[in-house]
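Q: Build the full structure now, drawing on both the sequences and the hints.
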Amino acid sequence: AQSVAQPEDQVNVAEGNPLTVKCTYSVSGNPYLFWYVQYPNRGLQFLLKYITGDNLVKGSYGFEAEFNKSQTSFHLKKPSALVSDSALYFCAVRQNRDDKIIFGKGTRLHILP
Amino acid sequence: DAGVTQSPTHLIKTRGQHVTLRCSPISGHKSVSWYQQVLGQGPQFIFQYYEKEERGRGNFPDRFSARQFPNYSSELNVNALLLGDSALYLCASIPTLQGSYGYTFGSGTRLTVV
Chain A
1036 AQSVAQPEDQ VNVAEGNPLT VKCTYSVSGN PYLFWYVQYP NRGLQFLLKY ITGDNLVKGS
1096 YGFEAEFNKS QTSFHLKKPS ALVSDSALYF CAVRQNRDDK IIFGKGTRLH ILP
Chain B
57 DAGVTQSPTH LIKTRGQHVT LRCSPISGHK SVSWYQQVLG QGPQFIFQYY EKEERGRGNF
117 PDRFSARQFP NYSSELNVNA LLLGDSALYL CASIPTLQGS YGYTFGSGTR LTVV
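Residue numbers (this note's numbering), protein chains in the order written: chain A, 1036 to 1148; chain B, 57 to 170.
Possibly wrong hints are sitting among the right ones.
[Unchecked claim] What follows is a list of derived Cβ distance ranges for each label pair:
hint, chain 1, residue 1, chain 2, residue 2, range
1, B, Arg119, A, Pro1114, 45 to 51 Å
2, B, Lys69, A, Leu1147, 38 to 44 Å
3, A, Gly1097, B, Gln73, 42 to 48 Å
Note that these hints are calculated values from the structure, not bench results.
Cβ atoms here follow ideal geometry from the backbone N, Cα and C, with glycine treated the same way.
A: Shown next, in the form of C-alpha cells:
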C-alpha cells in the first residue's frame, strides 16, 4: 500500500534563510508526488508535482522539490523564506496514474521575522 | 473560470442526524474526490468518482455514501452523525483519471457535530 511520511510536525525558519520540509514515501512502482499548502480555514492549494524527468521540480511561489529515488524522498525547499510562507504543508503520493492521492499528516512551517 | 465550489461552507448538526454536502467541480472536470480532514491531521480519502461511477473508497463506515450526477457535480452523505465526524470535508476535481494531474481543491465544508 502506498504511504507518505512527514517526520516533522513543525519547522521554524528565520525570514530570508533557506527552508526544507521533509517527505518520504512508499509505493510499488514509480510514484507520482505532490506538495500542497493550506492556509488557515482554507482548502489545499497545489504547489508542485513530480511525475518523471528532472529530479528538481519547480513550483509556485518560488518553491521547489527534490526527488531522490534511492532515498524515497521528496523534500520541499525554498532558497529564501518569507513570513507569508507560514502555513501547513502536505506531501502527497499517488501510486498509479488513476489512483487516489494519499496525504501525509502535514508539517507546520513558521517563518520568524 | 470558477474553481471547485462547495456548499455549505459551515454546518452544525446534532448527533444522529443526517447531512448532505455538495461539490461542483471545475467546468470540464469529470472526476471528483472527497476527503475528510480532522483538525491537526492530513486529509483522509473517502471516495473517488469518475464519469458517475465510484472508482475508489477509503476506510470509512457505510454511514458515508456519495454519488456523482450527469453534470459531474457530487454529493457526500453522512448518516447517523457522530461527534467524531466533525471535520473539514474537502472536495477535489481533476479533468480525467488518465493523466498525471494534481487535484484542485475547494475551500471545504466545516462540519461540526454537537
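Q: Would you mind marking each hint as holding or not holding in the structure?
A: How the hints compare with the structure:
Separation of Arg119 of chain B from Pro1114 of chain A is about 47 Å and conforms to the stated range, judged on CB atoms against 45 to 51 Å. Checked against the hint of 38 to 44 Å, the pair Lys69 of chain B and Leu1147 of chain A passes, with Cβ atoms roughly 40 Å apart. The hinted window of 42 to 48 Å between Gly1097 of chain A and Gln73 of chain B holds, with their beta carbons roughly 45 Å apart.
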